[in-house]
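Asks: Residue numbers (the numbering used here), protein chains in the order written: chain A, 5 to 178; chain B, 88 to 570.
Just so you know, the hints here were simulated from the structure itself, not pulled from any lab data. Treat the hints with care, as some may be off.
Listed next, the in silico DSS-like pairs over lysine-lysine satisfying Cα-Cα at most 25 Å (straight line) [said to hold, decoys possible]:
| no. | chain 1 | residue 1 | chain 2 | residue 2 |
| --- | --- | --- | --- | --- |
| 1 | B | Lys-246 | A | Lys-14 |
| 2 | B | Lys-299 | A | Lys-115 |
| 3 | A | Lys-14 | B | Lys-251 |
| 4 | B | Lys-335 | B | Lys-173 |
| 5 | A | Lys-118 | B | Lys-299 |
| 6 | B | Lys-357 | B | Lys-463 |
| 7 | B | Lys-416 | B | Lys-299 |
| 8 | A | Lys-115 | A | Lys-14 |
| 9 | B | Lys-279 | A | Lys-14 |
| 10 | A | Lys-14 | B | Lys-518 |
| 11 | B | Lys-269 | B | Lys-279 |
| 12 | A | Lys-115 | B | Lys-217 |
| 13 | B | Lys-518 | B | Lys-307 |
| 14 | B | Lys-279 | A | Lys-115 |
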Amino acid sequence: MKDSEINTGKLLLVGIGNNGRGDDGLGWKFLDHFRELTGDQIELEYRYQLQVEDAELISHYETVVFIDASHQQLQEGFEVRQCEAGNHYYFSSHLQSPEAILYLAQVIFNKSPKAYTLAISGVNWELTTSISETAASNLHCAMIFFEHAFLPAIVPFFKAHNMGNKSKSKWIVS
Amino acid sequence: MNKKITIDPVTRVEGHGRVTIHLDEYGQVKDTFFHIVEFRGFERFIQGHPYWEAPVLVQRLCGICPVSHHLAAAKAIDQLVGIDPKDLSPAAYKLRRLLHFGQIFQSHALHFFYLASPDLLFGADAPVEKRNVVAVAMENRELATKGILMRKFGQEIIKAIAGKRIHGIVAVPGGVYKTFSKEERDYFLDGKNIESVDTMIEWSQTIVQFIKDYHEQHRKFLDEFAQFPSGHLGMVNEEGGLEMYDGKLRAIDSEGVVTLNDIATDDYEKYFSEAVAQWSYMKFPYLKEVGRENGWNRVGPLARMNICDFIPTPLADKARQEFIAFTGKKVNNSTMYSHWARLIEILHCAEVIKELLYDPDILSDDLVRTGTPRLKGIGIIEAPRGTLTHHYEIDDKGMIISCNLIVSTTHNNDAMNQAVRWVANNVISRKGTITDSMLNQVEVAIRAYDPCLSCATQALGKMPLKAELYNHNGQLIDERFRN
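Assemble the whole structure, with the sequences as input and the hints as a guide.
Replies: Here it is, written out as structure tokens:
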């Protein structure tokens, strides 16, 4: 296997969902926000669902964060958890859990990136390209936490600036 | 006591379905059904949309083979702007072919490595926790690694041409909109960032050898499991060789007698009809001249191996010669040989992809042609799972007024029902107790056809699939549901 040089950032954000299904688009909207903030400084991958070959993808990174909408109404509107490899295979070829993907990366590629899941609560899953007000509010909270607390803690070489003005914050690689 | 068995969902297939098996009071199989019960919609809701939206919209009916729908629709839409396949620019024609072969390559890799290989490696008796790709990875890391990287190669081809791996867009009426750069081409040749196309050919040969070795050890199983006579349908080129993108339709019966003699794809309506059943949303296509009962055909890799005279790439053709030698060059009606046929096609795809990558035409910027508009467009291709038909008619404002889709899996509807019946009769009937292994064998038979049930019904949303067992009084006495 080629241990590619293309992914120098070592951090990967994987947004899971479908922006044509209401709040199921939260994972992608989260990535859109970070693309706006950071340009090409963070590697982003948009996924409808995780697939087996994503094990190969994540094997190139030190840290991976899976961002997905959640049916659960989480206390803060979102929740971050550390993710461990686990043999939780789903019967369909095109719908795998982050745990299963980590497990495959370990078994096949001998790589165990540090991994987290970020779940953001949604309420509407119908056919629409917009997200609900509740989901938008949860997304906003998740972004602020992720940008200013979580990410700087897990990836020290990224620093957020202009903490007082969230919408105009900038990212630099130190 | 009469019983009815239900398997729901059928696992490791694309989409979801349900199997019911009815037993009589002696435990003998009375009837079997492979139901696809989801709502179909694309043929209807595409109506009223401008024709040029079709290749973009219809590909959304699937996340596994959107490229196939994109290209079949594009071929149809080309005709609406007066362009037949021969009128496309060489660049557009070859880039579409490259996209198509990349799609078949990755789809076949997905099916064999992720879905089917557990059946072959561990057998139908294996415990459920072993019947998945994770177990394959643990027991045969090399096979799993090849599978993942081969699928990735095909997906990267798709991404390079269509912009993204799923639901990318490149075909426009009369051509393609994006050039293919030298850098993009070299990405697949030099082996610096991903495995090269030469490695893909080498690995494809290895996988063909794998199935040949498997055949040596399990010939009885491959020969006999879900074996039944049927017609076979596919596409051939002018010389009778295997063709995937544009050619003529040929069908043969179970003995090899030609039932559809290399007809132009535009004439499909004259020869095909579609029946319906109350218990399934999936239609049943058949050849009008042969009739509903015997006029249905298998499509896909096994059918294509049967109907073509040769494969126009050397390594795959040699592999096909070995394949047909086992039946004395007679028609192969054994379901499980579909896996072997699929792997020969993987090799063929890799060879064609290499040819196209070295063809200077793909780097040209001559991308779009125009002609005299028409009101009817028909696009037929060989998708990974078989013959795929898109047919659109428009009004004088360019709005779609009718749409007919005959999806590959739909052609295999009768075949999958026959396969279920075979397993019910030969494995379940009169056994008294229903075991997990028996039910898994029903799935093994269906899975060999690599059905894409979401495509076949053009369904939206979640589609679970299950199996049920009913007694002679119509009471549900056993069911399986995996979700």
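Asks: Now tell me, hint by hint, if it's right for this structure.
Replies: A quick look at each hint next to the structure:
A distance of roughly 22 Å separates the Cα atoms of Lys-246/B and Lys-14/A; the hinted pair therefore holds under the 25 Å criterion. With a C-alpha separation of about 33 Å, the suggested pair Lys-299/B and Lys-115/A falls outside the 25 Å cut-off, and the hint is violated. A threshold of 25 Å between alpha carbons decides the hint, and for Lys-14/A with Lys-251/B the separation of about 22 Å falls inside it, so the pair holds. The suggested pairing of Lys-335/B with Lys-173/B holds, with an alpha-carbon distance near 13 Å, which does not exceed 25 Å.
Proposed proximity of Lys-118/A and Lys-299/B is contradicted: the alpha carbons are some 41 Å apart, above 25 Å. Our distance criterion of 25 Å between C-alpha atoms is met by Lys-357/B and Lys-463/B, whose separation comes to about 15 Å. Of the pairs offered as hints, the one joining Lys-416/B and Lys-299/B holds, with about 17 Å between alpha carbons and a cut-off of 25 Å not exceeded. Between the alpha carbons of Lys-115/A and Lys-14/A the distance comes to roughly 13 Å, so the proposed pair stays at or under 25 Å and holds.
As the CA atoms of Lys-279/B and Lys-14/A are separated by approximately 19 Å, the hinted pair is consistent with the 25 Å bound. The suggested pairing of Lys-14/A with Lys-518/B is violated, with an alpha-carbon distance near 57 Å, which exceeds 25 Å. Annotation: proposed proximity of Lys-269/B to Lys-279/B holds, straight-line Cα distance about 15 Å (limit 25 Å). For the suggested pair Lys-115/A and Lys-217/B, the alpha carbons sit about 22 Å apart, so the restraint of at most 25 Å is met.
Distance hint between Lys-518/B and Lys-307/B is fulfilled; the C-alpha atoms sit about 21 Å from each other, no more than 25 Å. Proposed proximity of Lys-279/B and Lys-115/A is supported: the alpha carbons are some 20 Å apart, at most 25 Å.
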